[in-house]
Each structure stands twice: as structure tokens, then as C-alpha cells.
Amino acid sequence: MTGLDTLAAAGPSPLWYATRAGGTVALVLLTTTVALGVAVGGRYTPRRFARFEVSALHRNLSVLTLAFLALHIVTAVLDTFVHLGWLVAVVPFTASYRPLWMGLGTVAFDLLLAVAATSAVRLRMGQRRWKRVHWLAYAAWPVALFHAAGTGTDTRLTLQLALYTGCVAVVVAAVWWRLYRAGPGRNAARIWAGVAAAAMPVVLAAFMNAGPLQPGWAHRAGGATATSTSTGTGTTTSPSPSTVHPAPAPTADDDEGGDE
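At position 201 of the sequence shown the residue is numbered 201 (the UniProt record's numbering), and the sequence of numbers has no breaks.
Hints are computed from structural coordinates only; laboratory data are not their basis.
Yeah, the Cβ is synthetic: ideal placement off N, Cα and C, and Gly gets one too.
Misleading hints may appear alongside valid ones.
[Claimed, not checked] Computed spacing ranges between beta-carbons, pair by pair: (1) 63 x 131: 15 to 23 angstroms; (2) 53 x 210: 42 to 50 angstroms; (3) 169 x 119: 39 to 47 angstroms; (4) 182 x 216: 41 to 49 angstroms; (5) 55 x 210: 39 to 47 angstroms; (6) 87 x 209: 32 to 40 angstroms; (7) 21 x 55: 24 to 32 angstroms.
Take these sequences, add in the hints, and give me the full structure.
Take a look at the structure:
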């Protein structure tokens, strides 16, 4: 075997890249869906587009989000870096690998599944009940964002940080636009929405500076090692070296390295 063959065999598998690509695209699509729903929700009607066109776009973006989210989950489970198991995909906080941050991803997925399931029986539920459940999609967005920031090995990359910043900026702008054009009434809800929108960038920045951007985050977050991987029931196994592939080379100030 040549040196190039050895390097290729030791490097991350295609599933490793597919997991990150699927998760990143799903986050961008979820951000776009949430921002669109917030900005044009209520009684507002865009001048350049018909109401049904905006609704169709919102619905199609939601479907695409679920599709890429499914890709993200399936490839993560099939990847052999950590043996997550299918239970982790639907039951939060059952993984031994980064249980809190993986659990947040599961929570976001479950919330979106609830929205999708109720949308299929929207007429039977009634508009008022469906709208209450539909708000779960908005709750899933910050949960998914913190899952991505706390779990991903790409968090410290400049492009990834720019992506997170852009996602927050888009949603915050949508909220402020909604508040700007909102009519009278429901002042308490508007105040809470404004406070939440203003607090989100501050909270995320504080978390990033205290957590993922600091050396040793992989260890503190509960990262897997070459001798301990996570199963679907939260127990650990010890795979042979051939079943584990390393993450990209760590930076000089990160002594943990192979986190997923």
C-alpha cells in the first residue's frame, strides 16, 4: 500500500463529510424557514408575491429541511467513528458521546417531527391547535443552533462561525421586522419577542467564547476517544482501531483532536 493509500484509509470516511454537510445545509434551511415564517406571518401580505406563493415556499423549505436533517441523522448513525445507534436519533440525551449536545439535536428533530406530523392532519386538528404546535418549529431553531455549535468539530472554523453569525442575524432581523410592522395590542408578547431577539446573539457569543472556542472543549463536551464509542443505549464499547477514523487535524491550541 502506498503512502497516499494509507492516508486515504486513515482519513475521515465519506459519511463523516456527509454528516456535516447535511447538518450544515439543514441548519441553513431551518433558519430560512423560520425567518420567512416570522417575517411574513400574521396578517402581513407581501406586495410582490401572492399569499399562496409565500406559503408554498415556506412549506417546500420545511420539507427540504427535513430531508437534509434525515441525511444528517442517517449518516451520523451509520458512521463508525461513534456508534450512536438509532435510539439516539429519537430519544434525547441517551448517547454517551457528547450527551447534552447530541441530545439538543434530538430535541430539535423531535420538535420538527411534531410539526410535520400535525401539519398532515391540520384540518382535523383545527387551525388554532395547529398553530400552537407549529410554534415548536421556532423553538427548534435555537436548540438546533446550540447543538451544531456544541457538537461539531467545524465550530472553530472561520467559515462556520460566519455561518452561525449569519443565521442569528437573519432570524433576529426577521423578528425585528415583524415587531416593526405589528399593529397595536399584545404588548407583552412583543416585548418578550424583542428581548429574546436581542439576547440571542449575546447568549450565543458568550457560550462560544466560554465553550467551543476554548482549548479542551472536546474533552469537556464528552467527546469520544479511540477506545470508547457511544451506543444507542448510552453504554460504551471498544472498537478495533480499524473501525475508527480520526477527525481533521486539531489546531495547535486544541489538545483533544478527534472529536466528531
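Hint-by-hint comparison with the structure:
no.	hint	result
1	63 x 131: 15 to 23 angstroms	19 angstroms, holds
2	53 x 210: 42 to 50 angstroms	43 angstroms, holds
3	169 x 119: 39 to 47 angstroms	28 angstroms, violated
4	182 x 216: 41 to 49 angstroms	45 angstroms, holds
5	55 x 210: 39 to 47 angstroms	40 angstroms, holds
6	87 x 209: 32 to 40 angstroms	33 angstroms, holds
7	21 x 55: 24 to 32 angstroms	29 angstroms, holds
Checked against the numbered hints above, the structure breaks only hint 3 and satisfies the rest.
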